[in-house]
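J.: Can you build the whole structure from these sequences, using the hints too?
Chains as they are written, first to last, in my numbering: chain A, 1 to 84; chain B, 1 to 305.
No lab work stands behind these hints, which were simulated from the structure alone. Take these hints with a grain of salt, some might be off.
[To be verified] Quick look at which bits of chain B chain A covers, simulated, 3 or more residues with Cβ under 8 Å:
1. 17-31
2. 148-161
3. 270-281
The beta-carbon is built from N, C-alpha and C at its ideal position, and this holds for glycine as well.
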Amino acid sequence: MNHNIRIFDYLLLLLILTGGSLGFIFHKGNPVTQFLVVFLTVLLYIAWGIWHHKTEDRLSWGVVTEYLLVGALVLLLVYLALLF
Amino acid sequence: MRRVKRIFLPSIKHRRRAHAVSHPALSGYIFFLFVFLFTFQLLARSTGLVLGYATNIYIEEILMNTNLEREKYGLSSLELNEQLSVAAKQKAEDMFKGGYWAHIAPDGTTPWYFIEQNGYSYIYAGENLAKDFNDSDAVVRAWMNSPTHKDNILGENYRDIGLAIVNGELQDHETTLVVQLFGGKQKSVTMATTKVTKEYTPKKIEVAFEGEANPALHKPQGVSQMARTKFEPLQEISPHRFDSANFVRISVLIFSLFVSFLFALDGFVARKRGTLRLTGKTIAHIGLLLFLLLIVWQVNVGVIL
Chain A
1 MNHNIRIFDY LLLLLILTGG SLGFIFHKGN PVTQFLVVFL TVLLYIAWGI WHHKTEDRLS
61 WGVVTEYLLV GALVLLLVYL ALLF
Chain B
1 MRRVKRIFLP SIKHRRRAHA VSHPALSGYI FFLFVFLFTF QLLARSTGLV LGYATNIYIE
61 EILMNTNLER EKYGLSSLEL NEQLSVAAKQ KAEDMFKGGY WAHIAPDGTT PWYFIEQNGY
121 SYIYAGENLA KDFNDSDAVV RAWMNSPTHK DNILGENYRD IGLAIVNGEL QDHETTLVVQ
181 LFGGKQKSVT MATTKVTKEY TPKKIEVAFE GEANPALHKP QGVSQMARTK FEPLQEISPH
241 RFDSANFVRI SVLIFSLFVS FLFALDGFVA RKRGTLRLTG KTIAHIGLLL FLLLIVWQVN
301 VGVIL
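T.: In structure tokens form, the structure reads like this:
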């Protein structure tokens with residue numbers, strides 16, 4: 001059962017990232033909307049991280065901070081790429 | 001050596017990630033990016049460099065590529081026409097002024113209006129538009145990959161072409177518009193019908209810039225001479241500049257790959273050692289970074305209409 005839950009968790013993450021990728025491509029030519037799509041995807045990714053670790057009973061501020069930092073890094077890199 | 005290992009490999013004793021992907025390191029990367037962003041924008045403003053403008057799109061190259069495509073199908077070359085080029089420039093400027101990205105303006109103005117205003121008497125006319133591209137080859141390639149745009153480029157009834165490349169801000173986004181206008185004043189002898197095919201033409205006139213041309217640029221064979229004798233430069237072309245867009249894009253891709261590798265190495269070594277840690281899921285972070293790679297790859301691909 002635990003194994004199945006973990007697979008489901010990662011499938012959910014894959015769905016989030018796939019949805020974000022498709023949304024980004026769909027809004028080609030509109031960088032503002034594209035950035036919003038990425039922002040939403042990162043938010044969902046952070047939410048996923050918190051939820052996943054909570055279900056594993058391994059949630060801590062350190063873990064949350066890590067997801068926030070990785071998310072912020074990705075957002076900034078996307079902003080840089082879209083700016084140019 | 002131990003210090004180097006500690007940077008890239010996780011600590012067994014402290015059950016933490018490698019230094020290169022620790023919280024302070026990630027914060028450091030973010031801080032560095034902010035500083036880079038701020039500095040670059042400051043430099044751009046002080047030197048007049050405008051981010052978002054294409055640096056490698058040239059009329060001569062688009063004309064050459066267009067005619068090369070026509071040659072492949074046994075069609076005659078198109079001649080760069082001043083009236084059409086001025087019309088293309090006016091269309092580009094109208095799009096920037098009106099804030100629209102379409103063949104027909106919100107007020108109903110068609111591309112043919114600009115053609116007629118410049119005194120070009122046509123039976124056949126067409127328009128291709130492009131924006132957000134970084135180089136001439138990519139623009140023509142994108143048009144050729146689209147059936148309707150390809151039809152314009154390979155239009156048998158077209159004899160003249162107008163081209164414009166205009167920088168500006170469109171819908172809160174700095175971009176480079178490419179407008180291609182096609183015109184034919186008489187039907188082709190091979191045509192059996194007199195069907196008028198009015199299609200879109202690109203807007204942005206970057207009239208032959210013979211006097212402004214950068215001698216280091218590759219000159220298309222047999223085209224530049226025609227261009228030089230026909231037109232006076234109507235608009236100063238963008239000076240040949242460092243291609244910041246591609247540089248940033250490639251830098252972001254390399255950095256993402258590097259950080260993904262660091263996370264993968266950290267996760268792999270920790271797993272191999274059987275170290276239990278209270279950290280985020282490495283595979284999730286790598287997934288997000290791969291997502292970043294995919295979308296940055298899509299950035300600046302350009303849009304045609």
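J.: Hint by hint, note whether the structure agrees.
T.: To see whether the hints hold, each was checked on the structure:
no., hint, verdict
1, 17-31, "holds (count 5)"
2, 148-161, "violated (count 0)"
3, 270-281, "holds (count 4)"
Going down the numbered hints, you'll see the structure goes against just number 2.
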